[in-house]
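Okay, here's what each chain looks like letter by letter:
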Amino acid sequence: MRRRRPKLAVWKFASCDGCQLALLDCEDELLALADAIEIARFPEASRAAVKGPYDLSLVEGSITTPEEAQRIQQVRRVSRVLVTIGACATAGGIQALRNFADVKAFIALVYAQPRYIDSLARSTPIADHVRVDFELRGCPVSRHQLLEVIGAFLAGRKPQTPASSVCLECKRRGTVCVMVARGTPCLGPVTQAGCGAICPAYDRGCYGCFGPMETPNAAALGGRCAELGLSRAALVRVFRTFNAGAEAFRQESEAHERPHDQG
Amino acid sequence: MSGRTIKVDLLARVEGEGQLYVRVKDGAVADVRLKIVEPPRFFEALLRGRDFREAPDITARICGICPVAYQMSAVHAMEDALGVTVGGSLRALRRLLYCGEWIESHALHVYLLHAPDFLGYPDALRMAKDHPAIVQRGLRLKKAGNAIMRLLGGREIHPINVKVGGFFRTPSRAELAPLADQLEQALDDARETVRWTASLPMPALDLPCTFVALRHPDEYPFNEGHIVSSGGLDIAAREFDRHVHEEHVPYTHALHSTLDGAGPYLVGPLARYNLNGDRLAPAARQAAAGAGLGAVCRNPFQSIVVRAVEILQACGEARQIVASYEPPDRPAVDVPVRPGLGYAATEAPRGLLYHRYEIDGSGAILDAKIVPPTSQNQKSIEDDLRRFVTAHLDLPEQELQWRCEQIVRNYDPCLSCSTHVLRLEVDRP
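Residue numbers (the working numbering), protein chains in the order written: chain L, 1 to 263; chain H, 1 to 429.
In case anyone wonders, no lab produced these hints; they're calculated from the structure. Glycine included, every Cβ here is placed at the ideal spot set by N, Cα and C. Among the hints, erroneous ones may be present.
To be verified - Simulated restraints, written as ranges between beta carbons of each label pair:
id : chain 1 : residue 1 : chain 2 : residue 2 : range
1  : H       : GLU399    : L       : GLU214    : 50 to 58 angstroms
2  : L       : GLN73     : H       : GLU219    : 47 to 55 angstroms
3  : L       : ARG4      : H       : GLU399    : 27 to 35 angstroms
4  : H       : ALA180    : L       : GLY151    : 32 to 40 angstroms
5  : H       : LEU200    : L       : GLU254    : 52 to 60 angstroms
6  : L       : GLN73     : H       : GLU184    : 49 to 57 angstroms
To be verified - Covered stretches of chain H, going by a simulated chain L footprint (3 or more residues, C-beta under 8 angstroms):
id : region
7  : 11–19
8  : 59–65
9  : 137–146
Said to hold, decoys possible - Straight-line C-alpha distance at most 30 angstroms; calculated DSS-like pairs for lysine-lysine:
id : chain 1 : residue 1 : chain 2 : residue 2
10 : H       : LYS7      : H       : LYS25
11 : L       : LYS171    : H       : LYS163
12 : H       : LYS129    : L       : LYS51
13 : L       : LYS158    : L       : LYS51
14 : H       : LYS25     : H       : LYS163
15 : H       : LYS7      : L       : LYS51
16 : L       : LYS171    : L       : LYS158
Isolated chain H, as found in the complex (with noise of 0.2 angstroms):
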């Protein structure tokens, strides 16, 4: 047999829709292409002529897994054209909304979306019957990130309660203090998770990447800090567009993302773990050291441990900022409006979020760039589904086409959002 084609018309378990196609000949992987057919959206298109202030809303539709991740980079791009820092109180429940987001959907991923691979199960509801507590412990993570998002957020998808500048309403300690015991139970939870995601038969592989996250002078990175790489990239957010490239390839509605000098990145939990393991809080550190993991892993499929470790520490830090919380003087500070240029980059769940925007003297957004995690880690999956399958042309037709399922599992695509960005550019002769 010379020729051979693995084909998946429908990828599960992952956010949005998407396609996988292998194809092999004499003996050698000729053709890997992940295709993204999530129609597009258009949403940088639509965010012309709208007001600077509705697009915390309107680019949290993007995405229903990680709306704060959108609303995030985009009141910290819009702050940044407009010149406003949000300091003090106001910037610790933005990161306490986003423990709640990354919580959420690092739940929602180990428990219900990947673990059921690694255990040989179609989905997490028939691991359930085997394995009932197991996927209540999941369910039960998942419900602590969720009632962060419901607290702060108002509701857990597309909350309403983020603005440019800060919150509509900020509460006050004694609602905050709810919390507090859910992560409890959930910090229990989530090391139990770090064990547990450790004990799965991993499958090897390595990843010879570059990778790419935010690092922050002394927090593991949500909102802020330099664009950093494992090559030894240093770089502000507005600085992005000179070092990242974007390519319309025909077979996927989503751009392929690459970096100068590097080629194909990659964001992520991975990347954020190799790149600030010095920065997560000594619980998650131990966890993680208890976990097997060192300094640096490059093993896609042990992104399922990583993940379990950044629960670890979202908890701890949520449980932190409620501790010591002291409800802010307003609700949000003042904002100009201004003609301005804003850059930020955030990281989403599954890795750094860029936006620009350009606004005039009225407010209106004359123009919206987005780049998502998922397309930039595109070209990386193809890669990593092309050294997987050449090292396993052995394996039984169905067994090498649920493992490559699997390996785009690793990254925890969400096709809703590589897609739904897609940007329409002017093409004049």
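One chain only, chain L, in its complex shape (with noise of 0.2 angstroms):
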């Protein structure tokens, strides 16, 4: 008798879609890995939805509002294990940039119709609200890591993601340092691999869209690129992009901005 299929669930929160799609960006593995595990509930490509409970839930977003706050814990509670995938589940995303902003002066301004809006303040990662098993970090998250998560959960294993720099990448490809070659501000040094290097092989600095890596040294980072030239305002844009919310970036961010503070 065949062995019953995991269950698998994907979710979208505040997002762009980008993270699912590289699901069904695998168009060489697409259909088998649809025979290996039943894609019970995946909006973005199917009006049929298997009930719950899930035995791997994908979660894609960050918490913007106050029903996803409740959402997530619902699906917390009908997920055996929950992968979060992307910049903003496991950091906040681009729209956490809010959370730097003078929220009251903020949400006094804004809109035509305030009153329409139901949106949080801040916009959080998930494991600020619930438990994660697992994060798979990247904007967006590879393809090839993202099929890694989902063999690793088939085998009964741990997922194999790299856990150093995006300096050992460019060394594996085989691409001169582009910030001692040519003094282009990088952050390579500071973000964790699992991209494959892309931006110093097309000739450009890492902008750090896989976030921090394990214990980086992002203070001697900004340090470097002051001296290659960057003020203190492109420093703090630097480290606050797609994982502005991510603790190292946001605390070099904000030492940039701290006007007596050194480097």
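Using the hints, put the two standalone chains together into the complex.
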């Protein structure tokens, strides 16, 4: 008798849809994947939905409304294993830039019809709200890493995703260091590997879309980028993009905002 | 039965989250609402104070399905503000990248999101059980589009190689060459796609609306052209705000658009085809004629055929650009930093995408306005639902609901896009 296929669910919160699209971008693997795992709930791909509980839930997006804050609790309840995918789900995403705004003034100033909108003052990662079993980084996630996570789940092992920096991937790819050779500011030394070091291979510095690596020395990199000519305002922006809410990047961006700090 | 309600709490096989609500009272449609419930992400507010060079990377994050469209509208608007023109091979490479996105996005919609409705499947994975060769052809096409995005953009979703003035790095001839074989196969697949979509059972519906698209003197429109309408409008992108009005309505998180004198209007493949059919390459025009598309197509269900024709058009263009490519001297032209106001409209797979930016002398963005295709189409989609339900009140509940969902999917709506740019407007007394 054929073993019951595990049930997969995909959930979306505030996001651009790109990370769940990465699943549909597995053109060579998609049909085989659907044989190995039952795609039980994936609204972007199917109007049929199988009832929970689900064995594996992939969660995209950050929490930005009171409704989302409630819904994620329900998602956790119906999920045996919950994996967050992408910078929104793991760090609050680009929409976490609102976290740095003066929220009271922001809300007082805003919109044509503010009463229609119910939005939280901060965009927060899923792990701030519920227990998360594994976090997959990236803006967007890497298709290969996404398949690795699902494959590891099916095999009952831990996903293998590197905790090292993008620098290591540049070395492996044979890319000459853009910061050393050309003086191009690059977040590679503090950014978690996983993308394959794409930006330096295209002659630009890494902009940190996979978020901080384990134990990054962001302050040292910030200092070096200042020597290369980045103003304090530019340094704030450099660390404040798609992973602005990730702790190490948040601290470093704030360090350059403080008027009397060094670095 | 005098009252009846069709309600879909989570529209499937669209990008992003939306709801559908149709209320019928005394045998007539009393209310139709396409509710886009995606939470607002306030991009236009977030862009304020950012450097103008960051706009392509930041606005790409509005939509994971059409990031290139956002990058293209952003760089063209910035270049307009700074008085920069990008021509020659750099311009050709931008078109190539856009071809990649059109092929990927249209193949995704035609095969994985839209076709299952015509054949009665809940999704393409179940459709693949009965029609494996068809779904595999769609995946192959999608992969060809993604191959262009990956090679030229660095990756499929949120490409990293686009900048104001050009690219960070341009490929050599040898690097582009491998795309040629893949595009040959894609052309065959695209021709077959036009034939196959034309054979699908097609509900009848006639859309009496105004179509709006870009029009270029001699190209099928991607990056450049005037904004024209089937009602005789002919304006430059910088005049868009004077003719298109946005309204904040209570039940949806995306602003509704209306056109001066015409009210609701439609952008996207049908509009492009109806206004630019004469700009299609001969192969695409022949395929369209062979599929039975007239000079004007007003049936939104047939948008699946028009998308197939546009896939063929994009594959042909891409092949031509690859074949005639000469690497530019430099990957980007110089861009001066100065204060300015810039406008651009380009053709996203789903239709016209308008950006406007104001920047100061340090290059900081003072103000941003973005009008995505799906918010422009909202009113037309609702009109369309109203008309269809009125004519088909006799259909069984489940079938009517499915048809209503299909009508929304006819427009390939991107709900993530449409909401995520909801503007924060200052409302001072």
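Results of checking the hints against the structure:
Taking the beta carbon of each, GLU399(H) and GLU214(L) are about 54 angstroms apart, inside 50 to 58 angstroms as hinted. Range check, GLN73(L) to GLU219(H): Cβ separation about 52 angstroms, and the 47 to 55 angstroms hint holds. As the Cβ distance of ARG4(L) to GLU399(H) is approximately 32 angstroms, the hint placing it in 27 to 35 angstroms holds. The hinted window of 32 to 40 angstroms between ALA180(H) and GLY151(L) holds, with their beta carbons roughly 33 angstroms apart.
Between LEU200(H) and GLU254(L) the C-beta distance comes to about 56 angstroms, which sits within the given range of 52 to 60 angstroms. Between GLN73(L) and GLU184(H), the C-beta spacing of about 52 angstroms keeps the proposed range 49 to 57 angstroms intact. Remark: the region 11–19 of chain H is confirmed as covered by chain L, as 7 of its residues place a Cβ nearer than 8 angstroms to a Cβ of that chain, reaching the required three. Remark: the region 59–65 of chain H is confirmed as covered by chain L, as 5 of its residues place a Cβ nearer than 8 angstroms to a Cβ of that chain, reaching the required three.
Coverage of the region 137–146 of chain H by chain L holds. Counting CB-CB distances below 8 angstroms, 5 residues qualify, and the rule asks for three or more. Using a Cα cut-off of 30 angstroms, the hinted pair LYS7(H) and LYS25(H) holds, with the two alpha carbons roughly 14 angstroms apart. Between LYS171(L) and LYS163(H) the alpha-carbon distance is near 25 angstroms, which keeps this suggested pair within the 30 angstroms criterion. Distance check on the hinted pair: LYS129(H) and LYS51(L) sit about 22 angstroms apart at the alpha-carbon level, within 30 angstroms; holds.
Taking the CA atoms of LYS158(L) and LYS51(L), the gap is near 27 angstroms; set against the 30 angstroms cutoff, the hint holds. With a CA separation close to 53 angstroms, the supplied pair LYS25(H) and LYS163(H) exceeds the 30 angstroms bound. Distance hint between LYS7(H) and LYS51(L) is fulfilled; the C-alpha atoms sit about 19 angstroms from each other, no more than 30 angstroms. Among the hinted pairs, LYS171(L) with LYS158(L) is consistent with the structure: their alpha-carbon atoms are about 26 angstroms apart, no more than 30 angstroms.
In terms of the numbered hints stated before, the structure departs from hint 14 and from no other.
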